[in-house]
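Q: Same order as they appear, the protein sequences are chains A and B.
Sequential numbering of the first sequence, starting at 266, is according to this note's numbering.
Sequential numbering of the second sequence, starting at 14, is according to this note's numbering.
By construction, these hints were calculated from the structure, which means they are not laboratory data.
Every clue listed holds true.
Restricting the straight-line Cα-Cα distance to at most 20 angstroms, the calculated cross-link-like pairs of lysine to any residue (SDA-like) are:
1) A/K325 to B/Q251
2) B/K295 to B/W273
3) B/K152 to A/Y386
4) B/K150 to B/D172
5) A/K325 to A/L307
6) B/K258 to B/S269
7) B/K146 to A/E387
8) A/K388 to B/A105
9) A/K423 to A/G480
10) A/K388 to B/K146
11) B/K150 to A/E387
12) A/K388 to B/E113
13) A/K388 to B/S104
14) A/K388 to B/Q103
15) B/K295 to A/G515
16) A/K388 to B/S80
17) A/K423 to B/P145
18) A/K325 to A/R283
19) A/K388 to B/I112
20) B/K204 to B/L131
21) A/K325 to B/G248
22) B/K258 to A/L512
23) A/K388 to B/H111
24) A/K407 to B/V140
25) A/K388 to B/G77
26) B/K258 to A/A508
27) A/K388 to B/L110
28) A/K388 to B/A108
29) B/K146 to A/G383
Computed from a predicted structure; not experimentally measured.
Here's the letter readout for the chains.
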Amino acid sequence: MPDAPHTPDEIMTIAAARHLRDCDVCFVGIGKPSAAANLARLTQAPRIVLIYESGTIGAKPGLLPLSIGDGELAQTADSVVSVPEIFRYWLQSGRIDVGFLGAAQIDRFGNINTTIIGGTYEKPQVRLPGAGGAPEIAIAAKRVCIILKQSRRTFVEKVDFVTSCGCFGDHRSEHASTTVITDLGIFISDSTTRELVLSSLHPGVTEKRAREATGWDLKVSRDLNETSPPCSEELVVLRDLYARTALAYGTSAGSTSAE
Amino acid sequence: MAEITSLREAITDLVHDGDVLAMEGFTHLIPFAAGHEVIRQRRKNLTLIRMTPDLIYDQMIGMGCASNLVFSWGGNPGVGSLHRFRDAIQSAWPAPLHIEEHSHADMAARYQAGASGLPFAVVRGYVGSDLPKFNPKIKSVTCPFTGETLAATPALNPDLTIIHAQKADFEGNVLIYGIIGIQKEAVLAAKKAIVTVEEIVENLEAPMNSCVLPHWTVTYVCEVPGGAHPSYAHGYYQRDNAFCKAWDTISRERDSFRAWMTRHVLSTADFSEFMRSLESEKVKIDA
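Okay, chain B solo, but in the shape it has when bound:
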């Protein structure tokens, strides 16, 4: 049974320097609150896995949490580039970042293989692409039945996967709906899992066939309302597009980035304080 605890305790217990950590969300339900807690606890040398690293990974990379990044598309959705991600790859700031780059179809298949307990993933992909030349993990296999050559990559089995979801019940069963992305596979592929949720309810009232993670597949459930902000939680709140745009300016220079992170993340105790800190700045700008 999943244990219901605070986000701080969950991160303290399960995130260690040097761990392989996947934090998933496909533009929806991105676990920002959990990412901030990892930054607050000053975790280092993490291998971060994510199909679509966006603002939260930009923040974690810029704050020196990561030494490796496994990914397939790194950007600020609808806005453009990630400046901290770029700076780490182009100029090794604040530390060298080793990258392992795949395509979306491949990353999805790698999580599926991991969740299935299989050693590798098979994809009809990468034909004509330079990616296999630069990523030694992309190999090929010949189908024993048809002779077709297919791409093969190793399964993903993170030490820990963290996701954000809409609801959990008192036992720790988790319900996810809307764009469900790769979250189920990422949790089932991992050795342990933390799920932050908008709310913990007595009864999930999950419709048949919905995406439910049974309580015994999750290690910790933490109630963090708004924990996906500035991404969105279907049925709860919309994406904060203005923030995603503002991030382009905040993160462009190292100094403005550091100042913002210190003020809003390092100097706040938890996510609700972070949200109040952001709000107070907004009020000042509006006035």
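Next up, chain A with everything else stripped away, as it sits in the complex:
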């Protein structure tokens, strides 16, 4: 049977959803991470616990939230707690299995920039929203998963500002790992060098293309895989989620880029 046709955006979201396991406790950022986490909840990980920084624990939204604090998240959560509680008792205490983040720029060690592009900190060319919850999510979660579209503008040798620490440093346990999922492939941090290594290419993407979209000399795994194409269930559930969201809000949550 031929593979179902899909967009680069869909394979990115689906590959990210597959990274999540049933019963994982997942701290979710808004936008693409939230789409992927909810896709996982509606497919292979029905018992996943989704925590949003607005204080909603165990949220089960029927629509993709447009903001991190939508009423839908509160309405469907097991518990709604205050913002200081979510960061203290639930994040910094080490209860989170996966921190799921987006980024404007990333470097070869998975450092994330969501602060400025170009110029200086005091006088940037483009001022981005800033850190939000990411600096602590990136260091407190057992695994970190970062999802972003890959190009020479986003995959850079050196980020313009390190907002949140990537996969280097010895502050995390030796089992901690960072996975970066893009529209081209999957990158996993090396346990010794902490450098991101290309470990899987999405169907139809060549190694050459992945290299061209990377601003550093990309390391490629000796066991380079090809990402399994989306199955029809994954595509149906994801498209349905976007369609329901678009119908409810008159917009596409799939295209939002806020934190």
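Using the hints, position chain B against chain A.
A: Relative to chain A, chain B alone:
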């Protein structure tokens, strides 16, 4: 006991040029009506504090109310960037804006420290981040028991905190529910507090353990139905996502921003007139 008064009188009495003002709300219950009143009264040189500055701070910054901003994430939730916030930082328009930037966990801890009467907040955070290099208020402490290095930042104690809530009773006790964010800590950390509410009722009927601010922690309560629009008030109305999207266009250019603010905020007497002004524009567009 909190005094029940009009929003105009509350702002006139408690917001002064140069004050340190926190207006909180975590995408829910954002005090838009109060922000508009600060703009109408032409307050200047404020230090604005907010974890998630969004449209109302964009409006206040663009109208020249602020000279300092203390924050951890500035954006239009679900839409993208704040153009007035960007313009102030990138091009000092309409005035230079000094920023003091933290993470969410840190800002939350700073409010908690302020509410607790403690001098500083402790966070297991910022490891590997550049933020401490650019923000001298982010320092570190060594735990006297374990030797662990932790981030330390000064407590937040605003001159005034303003929040929006669902209900207050005649005495001024305030009930907040749904996503309660950082509002309780922000009120308890401040020297004075104004709470705008959807309605003032005889009896709060607050369930046990709910988030209630006792009347003696609040200075003024003002009844402003719809006062969180275009954000939402759980149990009352939904977020106006179309407006948040439209703001991206309205605020993109300085002239269109100024024209909109003059027409709908400066030329209206209060929030209910503002809402009617918005509504009349909508009707014209629909026709």
